[in-house]
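**Student:** Listed here are the chains, written in short residue letters.
Protein chains: 2
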Amino acid sequence: MNPIIDVLKSHRSIRQFTDQPIDQALFAEIIMSGQAAASSNFLQGVTIIRVTDRAKRAQLRQLSGNQPYVESAAEFLVMCADLNRAAQCCDLHDKQATTGFTEQFILATVDTALAAQNICVAAESAGLGICYIGAVRNHPDQVSELLNLPDHVYPVFGLCLGWPDQAPEVKPRLPLALMLHENAYPSDIDRAQIEAYDAVMVDYYKTRTDNKKTAGWSEQMSGLLSREARPHMLEFLRARGFMQK
Amino acid sequence: MNPIIDVLKSHRSIRQFTDQPIDQALFAEIIMSGQAAASSNFLQGVTIIRVTDRAKRAQLRQLSGNQPYVESAAEFLVMCADLNRAAQCCDLHDKQATTGFTEQFILATVDTALAAQNICVAAESAGLGICYIGAVRNHPDQVSELLNLPDHVYPVFGLCLGWPDQAPEVKPRLPLALMLHENAYPSDIDRAQIEAYDAVMVDYYKTRTDNKKTAGWSEQMSGLLSREARPHMLEFLRARGFMQK
Numbered sequence: 018m019n020p021i022i023d024v025l026k027s028h029r030s031i032r033q034f035t036d037q038p039i040d041q042a043l044f045a046e047i048i049m050s051g052q053a054a055a056s057s058n059f060l061q062g063v064t065i066i067r068v069t070d071r072a073k074r075a076q077l078r079q080l081s082g083n084q085p086y087v088e089s090a091a092e093f094l095v096m097c098a099d100l101n102r103a104a105q106c107c108d109l110h111d112k113q114a115t116t117g118f119t120e121q122f123i124l125a126t127v128d129t130a131l132a133a134q135n136i137c138v139a140a141e142s143a144g145l146g147i148c149y150i151g152a153v154r155n156h157p158d159q160v161s162e163l164l165n166l167p168d169h170v171y172p173v174f175g176l177c178l179g180w181p182d183q184a185p186e187v188k189p190r191l192p193l194a195l196m197l198h199e200n201a202y203p204s205d206i207d208r209a210q211i212e213a214y215d216a217v218m219v220d221y222y223k224t225r226t227d228n229k230k231t232a233g234w235s236e237q238m239s240g241l242l243s244r245e246a247r248p249h250m251l252e253f254l255r256a257r258g259f260m261q262k
Numbered sequence: 018m019n020p021i022i023d024v025l026k027s028h029r030s031i032r033q034f035t036d037q038p039i040d041q042a043l044f045a046e047i048i049m050s051g052q053a054a055a056s057s058n059f060l061q062g063v064t065i066i067r068v069t070d071r072a073k074r075a076q077l078r079q080l081s082g083n084q085p086y087v088e089s090a091a092e093f094l095v096m097c098a099d100l101n102r103a104a105q106c107c108d109l110h111d112k113q114a115t116t117g118f119t120e121q122f123i124l125a126t127v128d129t130a131l132a133a134q135n136i137c138v139a140a141e142s143a144g145l146g147i148c149y150i151g152a153v154r155n156h157p158d159q160v161s162e163l164l165n166l167p168d169h170v171y172p173v174f175g176l177c178l179g180w181p182d183q184a185p186e187v188k189p190r191l192p193l194a195l196m197l198h199e200n201a202y203p204s205d206i207d208r209a210q211i212e213a214y215d216a217v218m219v220d221y222y223k224t225r226t227d228n229k230k231t232a233g234w235s236e237q238m239s240g241l242l243s244r245e246a247r248p249h250m251l252e253f254l255r256a257r258g259f260m261q262k
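For the record, the sequence lines run as chains A and B.
With our numbering applied, the first sequence covers 18 to 262.
With our numbering applied, the second sequence covers 18 to 262.
Because the hints were derived from the structure by calculation, they are not lab data.
Careful: at least some of the hints might be erroneous.
Intra- or inter-copy, both count: the list cannot distinguish identical chains.
[Unchecked claim] In the EDC-like style, the derived pairs of lysine to aspartate or glutamate whose C-alpha atoms are separated by at most 16 Å in a straight line are:
{"hint": "1", "residue 1": "112", "residue 2": "236"}
{"hint": "2", "residue 1": "262", "residue 2": "245"}
{"hint": "3", "residue 1": "26", "residue 2": "245"}
{"hint": "4", "residue 1": "188", "residue 2": "215"}
Just so you know, these numbers come straight off a predicted model, no measurement behind them.
Construct the entire structure; sequences and hints are all you get.
**Tutor:** Following this line, the structure appears as structure tokens:
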């Protein structure tokens, strides 16, 4: 369709990188691309911690399920949802900050995700590879301590950026009929579509180069949504001043 | 730097559109670009409700702070975080779904935001304009009812897409020094940088074409974070099965 849409549609996570660093001018452009994303109420509720310290990288790797690319990627960014910076503006204008609303948590989380996705697209447009690291939420308290995150800031995910040293296949996505609906959500889920997609995914896993799996998508989802999911998150977020109400 | 980064850095919200529709082949490419974004655990936790029904559009406009472009944009998408589709897969594999974890809420919300940002970039790459509509969270219960959203699905934001009939200026973003930090979050916020940015924003508002304002960024933020923010959100989300724990 056009070269930008081609870049978007060819995304796959990269988990193996060369040793080559990222040129600093390019890095700055990538970060500024992130900043250029939309932001609700112009909150700009994202803070990026760029981790260059080798010891901290090694610790973050351990805290994030021991994923080696957290340490080996040219750059590792911890993308934080940040209400602290804007809350501090209340002091500057003699107002009392109130940061405990769930709505504000959503604002900052969405701002962070939009900025991150722009960073990924900018990086991929230059030939870099990226990988989101949700596992920074495995031990968000320790990650926060390591990076000196204050209250009203939390690590949403990490981002590995670097020059790819692998060329994995693009994963087939859900059929449009299962995720795009006109005017209303359907009353029943279309099981035939799910089964057809399961077959596509089983075939994909069979033929792809790395990390072969045998389960279709619905079986994977049934595993994902029937087990505990980071049960510490709510308590962690509340302790950090989020989601009081 | 490159044409993609140029597109990313030239984003501004468009709130006035021509009557021209979006070609359906282009629309499909835009949606598929959204699907191509990364997804944690491959949940693909986003559902898009494309609202073509004129009466529903008019209602959504009223429910979203009466913003006219909700009605007038060529396309209006309600971007929903969706755990329902994946939870239904538990039935297919004789498992018990558990969808009340805050972590799962974050997964689906982030998935939705990443897909949305790809949709915006794809649209803008083709010359279209976009506007995020957070105000679908003003009355999320009524929006959910209107669109037949089941439990474990919530409207995160709307998206207007259309051909721009205005050319607003790009808004200056926070100085990098305030949102990008190396290895640790700073102990103190840099007030001089905030004041410098306030001056930039005051100047921007003075010279821009529409919607002139006089307050700097920190003053706007002190207003935003010292008032109630959609205080119904937590109760709404809990009633819908999210954030039970």
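**Student:** Which holds for residue 262 with residue 245 at a C-alpha limit of 16 Å: within a copy, between copies, both or neither?
**Tutor:** between (24 Å within a copy, 10 Å between copies)
**Student:** If the cutoff is 16 Å on CA atoms, where do residue 26 and residue 245 land: within, between, both or neither? Let me know, please.
**Tutor:** Classified as neither; 32 Å inside a copy, 40 Å across copies.
**Student:** Check residue 188 against residue 215 for me: Cα-Cα at most 16 Å, and say if that holds within a copy, between copies, both or neither.
**Tutor:** within (12 Å within a copy, 44 Å between copies)
**Student:** Please work out whether the CA atoms of residue 112 and residue 236 approach to 16 Å or closer within one copy, between two copies, in both situations, or in neither?
**Tutor:** between (51 Å within a copy, 10 Å between copies)
When each numbered hint is compared with the structure, a violation occurs for hint 3 only.
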